[in-house]
Amino acid sequence: MSNEITTRMGDGERVLFSAEEIREDIRVGTAQAAERAGIPALSAEEQEKLFDIIADPSRIVSVQPGEEVIVSDDGCSMSFYGGQDGGGVGAPLSRMQAVLTYERACGADTTSLGHSDYSFKPVKPIINFEANDYYNTSMVTTAPFFYGAQPNLGLYFQPDGPCPNAAELMPMGKIDAARQAQEEAAGHLTRDLVFVGSRLADVGLEGLNLDTSGSAGDADFLAALNAVARLKEKVPDLPILMGASGEFIIGMHGEVEYDGQRLAGLYPQDQVKVIETAGADIAGVAINTTTTESLPWNLSRSVTFMKAASEASNIPVHANVGMGVCGIPMMEQPPIDSVTRVSKALVQIGKADGL
Amino acid sequence: MGMEIAHIMASCMGGIRTSGDLVAWMQMTRRMRIHEAKAYVAEKLGVGIIDLTDEEIMRDIRKDLGIGTVTSIAGSPKGIRAKIKVAELLDINIRSVALFKSQMGF
Chain U
-12 MSNEITTRMG
-2 DGERVLFSAE
8 EIREDIRVGT
18 AQAAERAGIP
28 ALSAEEQEKL
38 FDIIADPSRI
48 VSVQPGEEVI
58 VSDDGCSMSF
68 YGGQDGGGVG
78 APLSRMQAVL
88 TYERACGADT
98 TSLGHSDYSF
108 KPVKPIINFE
118 ANDYYNTSMV
128 TTAPFFYGAQ
138 PNLGLYFQPD
148 GPCPNAAELM
158 PMGKIDAARQ
168 AQEEAAGHLT
178 RDLVFVGSRL
188 ADVGLEGLNL
198 DTSGSAGDAD
208 FLAALNAVAR
218 LKEKVPDLPI
228 LMGASGEFII
238 GMHGEVEYDG
248 QRLAGLYPQD
258 QVKVIETAGA
268 DIAGVAINTT
278 TTESLPWNLS
288 RSVTFMKAAS
298 EASNIPVHAN
308 VGMGVCGIPM
318 MEQPPIDSVT
328 RVSKALVQIG
338 KADGL
Chain Z
6 MGMEIAHIMA
16 SCMGGIRTSG
26 DLVAWMQMTR
36 RMRIHEAKAY
46 VAEKLGVGII
56 DLTDEEIMRD
66 IRKDLGIGTV
76 TSIAGSPKGI
86 RAKIKVAELL
96 DINIRSVALF
106 KSQMGF
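Taken in sequence, the protein lines are chains U and Z. Residue -12 is where the first sequence starts when you use the numbering used here, and the numbers rise one by one after that. Residue 6 is where the second sequence starts when you use the numbering used here, and the numbers rise one by one after that.
It is possible that some hints are incorrect.
[What the hints assert, rightly or not] Computed cross-link-like contacts, DSS-like style, restricted to lysine-lysine with a CA-CA straight-line distance of at most 30 Å: (1) Lys221/U - Lys260/U; (2) Lys221/U - Lys106/Z; (3) Lys49/Z - Lys90/Z; (4) Lys219/U - Lys90/Z; (5) Lys161/U - Lys219/U; (6) Lys219/U - Lys49/Z; (7) Lys68/Z - Lys49/Z; (8) Lys219/U - Lys68/Z; (9) Lys111/U - Lys49/Z; (10) Lys221/U - Lys90/Z.
Everything labelled a hint here was simulated from the structure, so no lab data went into it.
Given these sequences and hints, build the entire structure.
Shown next, in the form of structure tokens:
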């Protein structure tokens, strides 16, 4: 078997695969996604199209003219001035300068502002500072300008927050207490999300991004859904993008429901439905990248999940394509050969409305 | 940073270089899927879908409509001035524009 096609592993390592090995990883990847989520696998034709994208000898690939989609962002301008742990290049720019550079030098479809912690809880005590920065910047931006952060329920557990630590209670067998702690924490989180969203809405917020919802499990996801619904009641014209944090919602609580739908274990095609029901305008899908598997395997899975989510949704669906999600290698500086292949495949085969 | 730029080069509409901001507004304010949003914007601009990401076409359109060009033309609209025009063009509510207009006594 000849090794002739360059591709990547999930951690970014460059590897040489034969055509047969790539086709086999595509086949196994889509079959695994289909079995897990109960969705159709990619057809033979789609698998061959994905093979062509991955095996393209060009360093960079792209969609065809007319196929372009919206590239929204989750704090991308922070990459200008942030550190390497967030993929930042450490340029000494203010937040406004970074946002305008992203809009005008990079041609981004949307821009955003976010607190450097990128969680909503730390924003609460400095909301007036954030509102001032948002308002001032919104006066000079032309493209849609979001405020974004992660719900991050984990910050509400002791010692960082007021609630008993569910992750400590569960190993002790105190399941009911752990569930109660998560419900209490979710209440705090929803109130904070509504508080921050409302205050920013007062200064002309153009769009709110609840990024990486559900990172602490189903109660985290529930808190975000409840916040979306309450914000839409309070500020009906506020556009909201709600993105997920993984390919299924982790059942840390296990029993919480939204609109009669149990949240634990929901895959993307069902995540987008509850996000839509809550009232969000754009849904974000995140598929985990496995570092020990190849890009063909990871991307095949991601495209399979993405396609099912797009078909199930009535609202735009954007694929989260940051480091370590939707087939992007899990490293601080993902190689652009892999990034552009992920980008093209999610649009052409996954039918994403945006990234 | 290179990752964001790679996505923009591979599959992005191009923001204010072309019409990406306009199509994004339609997804945000009307929940339009990508094809519907593109068709809506193309109809408002009187161009074809393929023209929406053509810099050579969109540059003149943006300049003529006063909705902001990516290169800086002294005295031409950008920021909130351009967004006022965008809201009128697309018949949508942009919240920063609504606040600004209320402050200006429009």
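Tell me, in ascending order, the numbers of any earlier hints that this structure violates. 5, 8 and 9
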